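Student: Sequences listed follow chains E and B, in order. Letter by letter, the first sequence follows residues 1 to 165 of our numbering. Letter by letter, the second sequence follows residues 1001 to 1139 of our numbering.
Keep in mind that the hints were calculated from the coordinates and are not lab data. As the structure is a computational prediction, the values presented were derived from the model and not from experiment.
Listing some non-contacts, in silico: residues in chain E with all C-beta distances to chain B over 10 Å:
#1 ARG13
#2 HIS16
#3 THR20
#4 GLU22
#5 GLU72
#6 GLY81
#7 LEU91
#8 LEU92
#9 VAL116
#10 ASP125
#11 LYS129
#12 GLY133
#13 PHE138
#14 GLU142
#15 VAL144
#16 PRO153
With a straight-line cut-off of 25 Å between C-alpha atoms, the simulated BS3-like cross-links for lysine-lysine are:
#17 E/LYS34 / B/LYS1086
#18 B/LYS1086 / B/LYS1044
#19 E/LYS129 / B/LYS1086
Where chain B lies over chain E, by a calculated footprint (3+ residues, C-beta under 8 Å):
#20 35–42
#21 60–71
Ideal Cβ placement from N, Cα and C applies to all residues, glycine included.
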Amino acid sequence: MTEDVLDGIVGTRTSHVVVTVERGHVATFASAVKDDSPVYRDPRAASAAGLAGIPAPPTYPFVMEHNGAYPELQPQDAPTGSAVVTALAPLLAGGGLILHGEQEFEYHRPVFAGDVLEGIGTVTDAYRKESRGHTMTFVVVETVWTDHASGEPVCTSRMNVIHRA
Amino acid sequence: MLWFEDVQVGDEAPVRVHVLTRTDLVAYAGASGDFNPMHHDEVKAVAAGQPSVFGHGMFSMGLLGAALTDYVGAGAVRRFQVRFAKQTWPGEELRTSVVVRGTRSEEDDHLVDLDVRLHNAAGEVKVVGQATAAVPVRP
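Isolated chain E (complex conformation) (with noise of 0.2 Å):
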């Protein structure tokens, strides 16, 4: 009988990163999901809506691994491999397509330019279902984002990432 790829994969870790939240990518970020807010741009305009700073769009957590993430920030034990394209990578191999099912993120505070954020990314779950012919694989990736300075909690992000046959 064949290793099924899922076995021991939930509580993996997938990603352990500390990354500063930068005002331009903040702003370009803004711009590219379409949200001409002057909140995003000025800091003036920030302050009127009452925010201690310039807030990042609510969907910025998926993308912020991939801006700010300096080498001289970064944990030793940082993963090398992403566990969610270790597990599926076999399942691609053999055909099929990866979709992103789901995202949920729960905010305990606004993410802001000038945040120094640690990400830790944990396998939370992983399960196979049957849908119109095809095997359906999925695979739930939580990221718990914290102060890098305080350790207080500053989100939480949840990914559903599928492989259909």
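With the hints as your guide, set chain B onto chain E.
Tutor: This is chain B only, laid out in the frame that chain E set:
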């Protein structure tokens, strides 16, 4: 500014309408770091059996996030959850729907629960989910 006292079940956020372009997908790829060729490389997308490039799910969620913060205010969102139901295609008109499902108070927090949806002009649902925001009470 949205005040908690003024929120009624069934209230709707202003609708955002956006016609998706290939340029949007390139801009989102650059800003997000998601360079999956299915979203910007027409040759590869067609070779993979797709009719054309298609939108990032997170671009759709981002459009919906903009409609949400237009209404409740940036920084007010406590939870935002969606399921990606259908792909989005260049040329499609995407429309947001953000509707108040309920209000509740927990200790010092005054919360608004919302149903969120992105659909095309024909009404096909692309993204569907829920959000919760904490909004202030009148001083």
